[in-house]
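Enquirer: Chain by chain, the residues run as shown.
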Amino acid sequence: MVRPVFIGILGVAIVLIGAAGLLYSGSQELVQATRPDVPFAPLTDDSLKDPDNPAKVFRVDFARVESDLPLSRADLMALTPDNLRSLNQEEIDQIYGRLAAGPIPDGAYLGDLFFPRGEEGDLEPRLEEIVGGFKGRLAGRKIEIAEKLGRALWKGKMFYREERVLRNFIEDFRPLEALIDNPDALLTANVPREGWLKYFRPTTNVWLVFPAKLYCGQSLLDGRRESIIIDYMFSDEIAGYQKGPDSLAGRGGLQVRDEIRMVRPGFYLGRAYVHKAFLLNFTLYNPEVAEAGAADFMGGGDVAEDCWIGEQARQAAVQ
Amino acid sequence: MRLISIILVFVFLSIVGSASPARAQSMLSEDYAATDSIYSPSERAGREIWLFATAFNDRFFTYSYPQRLGAVIDWYKVLAAEKKGDLFNAWGAIPNPDCCVPGDENCPAQSLEETYGFQWCPGDDELLAFVGREGYRDPACDFVDGPFDTATPHGDVDQRQDSCDLHFGTSTGALGLRKFPNPRFDADAWTRLNGSPASWDGYRNMLSPDPNDPDGRMNRIMDGSVEPPFRIGMACGACHIAYDPLNPPADPDNPAWENIKGLVGNQYSRISEMLGSGLSQHRLEWQLVARARPGIVDTSALPMDLVSNPGTMNAIINFARRPVFEQRVLKWRKTEMCAVDADPDACWCEPGKAGKCWERSEKVEDVPFVLKGGEDSIGFNEAIQRVYFNIGSCAEQCWMNHIPDLRAADPAQRNYGQTPFDIGICRRDCASFRAIEDRLDDIKAFFLTARPTDLWQARGLDSPRDLEVALDDEYFDGAVEEGRAVFAQTCARCHSSQPGPYDNVDFTATDPDDPTLRLDWLGNDQLSPATEIGTYSARSLHSNHMKTRVWEQYASLDLHERAHDPNRPEVMSNAGRGYYRNISLLSTWAHAPFMHNNAIGPEICGKPSDRAVDFYRSPYVDDGGQPLADPPNCWAFDPSVEGRYQLYKASMELLLNPEVRTPKMFLLDRDLIIDVAPDIKIGDRELGLSITIPRGFPAVSVNSLRYKDLIQDLVLVKTDPDRFDAKYTENLTPERRDELRAGLLEIREGLEKMAGRTVLKLALGQTDVVQASTDQSLLTVRDEFVQGYYSNVLDRIENAGHRFGEGLSDREKQALIAFVATL
Chain V
1344 MVRPVFIGIL GVAIVLIGAA GLLYSGSQEL VQATRPDVPF APLTDDSLKD PDNPAKVFRV
1404 DFARVESDLP LSRADLMALT PDNLRSLNQE EIDQIYGRLA AGPIPDGAYL GDLFFPRGEE
1464 GDLEPRLEEI VGGFKGRLAG RKIEIAEKLG RALWKGKMFY REERVLRNFI EDFRPLEALI
1524 DNPDALLTAN VPREGWLKYF RPTTNVWLVF PAKLYCGQSL LDGRRESIII DYMFSDEIAG
1584 YQKGPDSLAG RGGLQVRDEI RMVRPGFYLG RAYVHKAFLL NFTLYNPEVA EAGAADFMGG
1644 GDVAEDCWIG EQARQAAVQ
Chain W
7 MRLISIILVF VFLSIVGSAS PARAQSMLSE DYAATDSIYS PSERAGREIW LFATAFNDRF
67 FTYSYPQRLG AVIDWYKVLA AEKKGDLFNA WGAIPNPDCC VPGDENCPAQ SLEETYGFQW
127 CPGDDELLAF VGREGYRDPA CDFVDGPFDT ATPHGDVDQR QDSCDLHFGT STGALGLRKF
187 PNPRFDADAW TRLNGSPASW DGYRNMLSPD PNDPDGRMNR IMDGSVEPPF RIGMACGACH
247 IAYDPLNPPA DPDNPAWENI KGLVGNQYSR ISEMLGSGLS QHRLEWQLVA RARPGIVDTS
307 ALPMDLVSNP GTMNAIINFA RRPVFEQRVL KWRKTEMCAV DADPDACWCE PGKAGKCWER
367 SEKVEDVPFV LKGGEDSIGF NEAIQRVYFN IGSCAEQCWM NHIPDLRAAD PAQRNYGQTP
427 FDIGICRRDC ASFRAIEDRL DDIKAFFLTA RPTDLWQARG LDSPRDLEVA LDDEYFDGAV
487 EEGRAVFAQT CARCHSSQPG PYDNVDFTAT DPDDPTLRLD WLGNDQLSPA TEIGTYSARS
547 LHSNHMKTRV WEQYASLDLH ERAHDPNRPE VMSNAGRGYY RNISLLSTWA HAPFMHNNAI
607 GPEICGKPSD RAVDFYRSPY VDDGGQPLAD PPNCWAFDPS VEGRYQLYKA SMELLLNPEV
667 RTPKMFLLDR DLIIDVAPDI KIGDRELGLS ITIPRGFPAV SVNSLRYKDL IQDLVLVKTD
727 PDRFDAKYTE NLTPERRDEL RAGLLEIREG LEKMAGRTVL KLALGQTDVV QASTDQSLLT
787 VRDEFVQGYY SNVLDRIENA GHRFGEGLSD REKQALIAFV ATL
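Heads up: the protein sequence lines correspond to chains V and W, in order.
The first sequence lines up with residues 1344 to 1662 when you count with our numbering.
The second sequence lines up with residues 7 to 829 when you count with our numbering.
Among the hints, a few may not be true.
Each computed DSS-like pair below joins lysine-lysine, with the alpha-carbon atoms no more than 27 Å apart [unchecked claim]:
id, chain 1, residue 1, chain 2, residue 2
1, W, K337, V, K1399
2, W, K613, V, K1392
3, W, K553, V, K1399
4, V, K1619, W, K714
5, W, K655, W, K613
6, W, K724, V, K1399
7, W, K613, W, K340
8, W, K724, W, K613
9, W, K359, W, K340
10, V, K1586, V, K1619
11, W, K655, W, K553
12, W, K450, W, K337
13, W, K613, W, K337
14, W, K714, V, K1392
15, W, K359, V, K1392
16, V, K1619, V, K1541
17, W, K724, V, K1392
18, W, K759, W, K724
19, V, K1491, V, K1619
20, W, K714, V, K1399
21, W, K819, W, K655
22, W, K369, W, K340
23, W, K337, V, K1392
Far from chain V by the CB rule (all over 10 Å, computed), these chain W residues [as the list claims (entries may be wrong)]:
id, residue
24, D221
25, Q287
26, D816
Note that these hints are calculated values from the structure, not bench results.
For clarity, every value in this text was computed on a predicted model and none was experimentally measured.
Quick reminder that beta carbons are idealized off the backbone N, C-alpha and C, glycines included.
Model the full assembly from the supplied sequences, consistent with the hints where possible.
Expert: In C-alpha cells form, the structure reads like this:
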C-alpha cells in the first residue's frame, strides 16, 4: 500500500513538472548553506518504549521543546530559506512547532521547496528511506529530480490578504500548456526575480495558477496553535479558476492543503499536504517585507497575529 | 432585621445585575434553579459544572474535529429548531425544557433568522448579540463557586482558576450541547452561501446529490474558510443527562426539569451518530466514529486507538459504596511549595499564585475502577477530570499532538502514533483544565448525591415489600424469596461487594445513617479476563491506558503491568488489555439492555418523524454471519417505568437463555471505498489507488485494523528484516513470525506487479493470501490473514457470552428475574 500512495502523489508531481525539463535550473541559486546555529531538542525521545512495537520512534513533545528550548528572535533572524534546507525533517518540525502563524501575508512571496530529509547518513530524502526497497520505484535520484523540477517551475505565492485568497505563480506555463483550458485567460503578475538573472532584470512576469483559500485553521502537525491554511479544496469558487489545471490541486484531484507559520516578518515556513498526507516543506520569502521589518523585529517590536496563538506562552526571547 | 436583610439582598442583586447582565446557568432558569434546592452549595456547584461546562471544547468541535481528524458534525441536522420534535427519537438527546422555537407563543425570538435556525434558549438575548464579534461574556463568569476548602495544602486563600474558563455558553435546545457565538462569523458570506441567516443548507448539503460522485461525499462543513454562526461545545451532561427512572416525563419530547437527572447515563443517546452526522456514510471516517447502538459511545474514537469498543455511559449512583482497590499510583498531588530548583516535571507552582503547587510522586492508594477496564485507576477526582478529555476539552492545548494522524504513513513522522498526554503540561497550558481541576471536589460531591432508583419507588408503592408482593403476583408465589436464594448461590460471588457466604446476606440493606444509601454495591468491581466472561471483548481491548499511549498517566502502575491473558487470540493484547471490570446490579431494572455494549437484550430504536435521521440498522445475523432477512423488531425508546421494566424482563430472558439469542454483528451495508490517491490520467499514464472493503464485512474488521503496522511491515519485511524480527520477538512465536513474513512478502510481490491505477480489495473466505486479477489493477488480499495479524479485535458476535445461569431451571430463572428487579 505504501508504494502506490507515494507513487500516486509523486508520480503526478513528476508528470506535471517533468515535461519542463530543467529549463530554468539556472534561475534559482543552489547554495550549499551551512546549518543554522539554533537549539534543537534530541531527535528522538528514547525514554519511551512502546509495549507493542519496540521499533517505534518517539519524538520530544512540542510543548516541551518550546518551553525548554525557545527560539529567540536572534535565532529566528539566523534562519534563511537556504539554511533550512540543510536540516533533517525532525529539525524542521521542531522549528515549525516553535513558530506562530503571524499575520496573513499580502503580495508576492518567492517560494522554494524541499522534500523531507531523513536522519541517517547524508540527509537522504526520507521518501527514499521508506520506499527505496521497492524495486524500480522512486529511488533517491528520482526524488531528487522531482525536487529540482519543482523548484525550477514553482516560483512562489501571490497573497490577496483582503480577499483571503492566494494564487501560485510559475514563470512559464508552457510545460503545463496541455493541461490548461484557456491559456489566454491566465492571470499574470509582475514579481521580483530570483537567481542570478535578477541582476539583469529585477522583475519578471509570471502566470498565476492554482488559486486557494486563506484562513486561520488547524495545523496538521502542531495542534497547540493555529496556522495560516492555504486550502485548494474549494478553489473552484475563486475568480479566475480554470478546471484545467486548477482542479488538479482541488478536491477532485490531489486535495492539496498547505499551512504556513511565520519565521520572521517577510519569511514563512510551510508544509504541503496531499490528501492530508504530508509531502514536502516550502519557504516563502518577500525580501522587501523582510528588510523593512527586520530592525523592529530584532528590537522586540510587536508582531501581528491574525490567528489563535494558543495558551502556551511563546517563549521566544522578545528583548 | 428581616427588612434590612431584604434591602441588602435587593441592593446586592441590583449591583450584580447592573454590573453583569450575563448570568450563570442556575440563574437563567427558575425551573432548573428549583431543582437545585436539595443540594449543598458544593453539590450545586458540581452539578452546574457537570451539566453545563464545556471547558473549551467548542473550538475542538468547530476546528480540530473537522480539519485535523477529518470528521464533521452537521449540528443543524441535530439541533434545528424545526426538528425539535425529533431530538429524542433521532438522537436520544434530552430536550431542554427552557428552550423554545422562534415564533412560538411566548418565545422571545420571533423568527428563525434571529437565532440562525436554532431554538431560543435562556441567555440568548445576550449571546446572539455577539455572533460575529468579540466580547461575549460567558455565563460561567457569573458562576457561584462552592465553598473553598481551606484544609488542603493549597492553604486558605481561594486561588481557583477564573470560572469564566469553565465555558458554559447557552443551551442549544439539547441538554449537554452548548453554543457559543462565533466571533469569526461573516453574516454576508453566510447569507450568500445559504440564502438566509436561518438556513444552513448551503453549508451542510452534499455538493452533489449523486453518492457515486466524489462531490456527493463532500460538503462545505469541510471548508474551513466558512465560519458558522455558533461554535458548539459539549458538556459531560451530553451523555450522562437522562430521564429520571423514578419520574419519567409523560412526553419524552417535552420534559420538565423534574424529569431530568444528570448522572443516570443516557441509554438512548446516539452520540456516535451525532459525531458523524456531517459525513457521507460511504466515508471511512463515518465507519470509524458512527457505528454504535443507542446508549453506547466509543470514547477512544477521538483519541483513536484503532479499537472499536463503544461502551455504555456508566450510571453514576451510590458511589459512596463503590469498592476501591489498592494500587500503585504515580500522579500529581497538591502541595504548598516546591524547592527553588525543583524539576518542573516533579514539582510545579502556578505562576502568580503563591502556595498553589503540585508534586508528582508514586504512592499506594485505594482507588476505584470506574471505566470498564479500570483505565482511570489513579483516583476518583482524576477519573472525573479524564471525562473532560473524552468530550474534547483542552484538545488543542493538551492532547491533539498526542493522538495519531490517521494519514501519517511514515513511522518516523510525528503524529504517526500515540504519545503520552502530560498532565503537568496540560495544567500549565490549559486554563480550562485548571478551572475544572480546582472544582473537582464539587463535582465529586455532586456524584455522591446520586442514589439507586428503586422499582418500588418508581411504581409509587409504599415500601419494598409492596413491590415483592406485586412481583410474586406476576411470577409466582414466593418468587422473590426464591430468586434471592438463587442469586446468593449463583450470582453474588461476582455481583455483591459483601463477603460470602451469601445465604443470609441482605443485598438491599441501607446505611443506618443514610437510609437512601445502599450498603451493597452489588458488584465486586474486580477485573476479570474477558475470555472468562465470554462477552464480546472489544471494549476490554482498550489500549489508550498503556505506557506510551495517550492516557498512560491516568492508569495505575499495576494496570500497566497486569498479567497477559494467554487465551487472547489477538497478536497485541498484553499490557493491561483484555480485562473487564465487573458491573453493579443496582437498579438493573432501569438500565437494560445489558452488558458493556447494551447488546444483550432487544435492540432499541427511536422512531423519528424524519426517516433521514432514523439510524436503526438491524445487527442480527445468521450463523454464517449473513444479515437476517426477517430480523426481530427493535423496541421503540420508552423511558416510562413500565417501558424500562418490560425491556429489563426481555433482556433478562435473553441473558439467562443464551441459546435463544440471535447473533448480532454490525456489517458494512455498502461497499466502503477509501480513496488513497486520486484517479488521474495524464496522457496515457493513469494513476490512483483505492481500497475497497465490500459490503457484508463486519464493521469491526475495518475500524479495529492496525493498518499502519501493516504498511510499516510491508516495508520492513524487505528493507530491514532484522528490525521486522525485533518488532515481533515478544509477541509472536518464531513459527507465526515466519508465517507473517511469508504472507507479507506475497502481498508485496503482488503490489510490485501492479501497474497504473490499483484497487486493493479485501476478501472474505478466500484461501490464498493474495490474488491478482488478470488486468493487473485489482489485488485481492485474504482478510483472514490480515485480520489474524493486524486486527485489535478478533471477536465478532456482539451479544455472546455471560452464560452464567443458563443451567438454571425455568422456575429458577423466573425467580431470579423477579428478585433482581428489586435490587
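Enquirer: Which earlier hints can't be squared with this structure?
Expert: 2, 7, 8, 11, 13, 15, 16 and 24
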